[in-house]
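Asker: Got chain A; can you put chain B on it based on the hints?
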Amino acid sequence: MIGYLLGRVAQGVFLLVLVTVLTFSLMQLAPGGPAILMDPHIGAEQAREMERILGLDRPVHIQYLRWAGNLIRGDWGKSFTMAQPVLEIVVGRLPATMVLAVASIVIAVVLGVFLGTMSAIKKDTVFDSVITVVSFSGISIPTFWFGLMLILLFSVHLRVLPSSGMLTVGASFSLVDFLAHLAMPAVVLGSVNMAQIARYTRSSVLTVLQEDYVRTARGKGLAFHRVLFKHVLRNALLPIITLIGMLIPRVASGAAIAETVFAWPGLGRLAVSAAFQRDYPVIMAVTLLVSFVVILSTLITDVLYTVVDPRIKLEKHR
Amino acid sequence: MKIHVRFHRSRSWRKFRRKRLAVLSLVVIVLMYALSLSANVWVPHDPEEVDILLRFAGPSWRHVFGTDEMGRDAFARIVYGGRVSLSVGTAAMVLAITLGSLVGAFAGFWGGAVDAVLMRITESMLSIPVFFFVIVTLAILGSSLMNVILVISLTSWMATARIVRSEVLRNKELDYVVAARAIGCSGPRVLFRHALPQVFPSIIVSGTLGVAYAILIESALSFLGLGVQPPTPSWGNMLTGAQSYLWKSPMLVVYPGALIFLSVLMFNALGDGLRDALDPTMQ
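Heads up: the protein sequence lines correspond to chains A and B, in order.
Per this note's numbering, the first sequence starts with residue 1, numbered consecutively.
Per this note's numbering, the second sequence starts with residue 319, numbered consecutively.
Pulled out of the complex, with its shape left as it was, chain A reads as follows:
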């Protein structure tokens, strides 16, 4: 167990290093070179002077180590467009994205498991076909357009939900107001994953239903719903934890789109607007921070899975 945990943590650290190397390499490609990242308004001569001061005339790997050292010390550079250290900006935006991501995952898991299970136990009925079509559409629909269509329905026509932001401007905080703002972005971000989870749950439940122990449980006269909850779902749903772990990177990517459509003040929207303003330090920082959080969350779900599932023999696992 300890060995597995250490191995898994080492893998996470390796990924973190990889992410920083990737980000650092991309930075080398920025027009004007990395010196311009410090201050975009400098001339060629000053740039060379700057490069000497910053140590950019040193070998690349030395530069990388210096840069990584600064990251660890919390010096993530300064934004071109906002008069604030980058780290402060991105950390300030993190909670909004986390709330949205968690809400979307909850929606995706609850709806996905429910629809997938129903569709498995009502296999080959109209209900099953409808859910199959819904989940198939869920993986095919462009999320930003789905968001726009929801705005068209709920904000333009029905006027029941606000189309953008996290809270009503000027109003004092109320939970209802916050949830009304959260509803559409969370559903949009959750839709793809809901479809994936529903498809997965359906086939997983169908497989477990064939198992001998399910037939035994039915044979000894247990009611169907007891068999379903005590035997089938317990076994069918454990792998869902792994599936969620695999979906986390995509939730982060999807957040960039959902946040832009609904003007949700999170990291994704920050990255997109920074990309427009060519505010490289901010985009870099968002990418790094999101990657850190994603790698950490995936690590947690993986470890959680081994704790929850007693069948896993870690010696054989990896």
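I should point out that these hints are in silico values taken from the structure, not numbers from a laboratory.
A quick note: this is a predicted structure, and the numbers were derived from the prediction, not measured.
A couple of the hints might just be wrong.
What the hints assert, rightly or not - Quick list of in silico lysine-lysine cross-link-like pairs, DSS-like style, CA-CA up to 30 Å:
| # | chain 1 | residue 1 | chain 2 | residue 2 |
| --- | --- | --- | --- | --- |
| 1 | A | LYS123 | B | LYS337 |
| 2 | A | LYS230 | A | LYS122 |
| 3 | B | LYS337 | A | LYS122 |
| 4 | A | LYS122 | B | LYS490 |
| 5 | B | LYS333 | B | LYS490 |
| 6 | A | LYS220 | A | LYS230 |
| 7 | A | LYS220 | A | LYS78 |
| 8 | A | LYS123 | B | LYS490 |
Said to hold, decoys possible - Calculated from the model, a selection of chain A residues having no Cβ within reach of chain B, i.e. all distances over 10 Å:
| # | residue |
| --- | --- |
| 9 | LEU26 |
| 10 | ARG66 |
| 11 | SER172 |
| 12 | PHE224 |
| 13 | ARG234 |
Beta carbons: idealized from backbone N, C-alpha and C, even for Gly.
Answerer: Same frame as chain A, now just chain B:
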């Protein structure tokens, strides 16, 4: 051998034809390519022709879908936009499955350290939020059509690599590959002439699903303003700023998105149908 192969193919074809949705999707896809690629022959309007006096016009005989915020013919823009979206999607898919197949084939065939390194890279790509790296790359290098295609393909080859690797691993142990080795074929020859052709059905399936994915990513990037740049229309960038005229002229938002949805749905359905028809284990 030849007879057997033909028999197998026709059986696949018969199985495919039985799936109505898959056949329908193939027809729709062929139609979409044909109509959008021949746009300059049959579409009466120029998609970039601006008519400031005729902004947000409703549907009429002259402009069947009306006009957009710059008085351009919405229908022409949708057809020409489809040309861009489908081409970018197809090109990105071709690059992605080529890269993915090579990575998967080398990893599966050579095994050992090559396999370990290549699969670690593949796994790493799947565990980081690649979309943010796409944003960074396009912000730094600019959103030329070529960059958009490259960036999409460089971030979507992983699924193909995994599938091809497992297929190659399975085939490597089979008699025909062992026989090819025994008569002295070189490693690359065994791989490319014997093992890879057997994996081809899986590559076709993952390519079909790959177009769906590439169209989705391209449209999202273009919507965010980081993909295909105006005035060139693409289904994604036609929706940029769409929110501002969602109240005024909602159909301008509905049509392009509905076409992205339709084409992605059709490619996914075709991929599913092909998988069922080509996969020998699903009989």
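Asker: Decide, hint by hint, whether the structure agrees.
Answerer: These are the hints, each one checked on the structure:
1. A:LYS123 / B:LYS337: 18 Å, holds
2. A:LYS230 / A:LYS122: 19 Å, holds
3. B:LYS337 / A:LYS122: This hinted pair holds, its Cα atoms lying about 22 Å apart.
4. A:LYS122 / B:LYS490: Cα-Cα ~41 Å, so violated.
5. B:LYS333 / B:LYS490: 27 Å, holds
6. A:LYS220 / A:LYS230: Since the Cα atoms of LYS220 of chain A and LYS230 of chain A sit roughly 14 Å apart, the hinted pair holds (cutoff 30 Å).
7. A:LYS220 / A:LYS78: 69 Å, violated
8. A:LYS123 / B:LYS490: At roughly 38 Å apart (the allowed maximum being 30 Å), LYS490 of chain B and LYS123 of chain A break the hint.
9. LEU26: Incorrect as stated: the minimum Cβ-Cβ distance to chain B is 5 Å, not above 10 Å.
10. ARG66: 20 Å, holds
11. SER172: 27 Å, holds
12. PHE224: 29 Å, holds
13. ARG234: 28 Å, holds
Hints 4, 7, 8, 9 from the earlier list are contradicted by this structure; the remaining hints agree with it.
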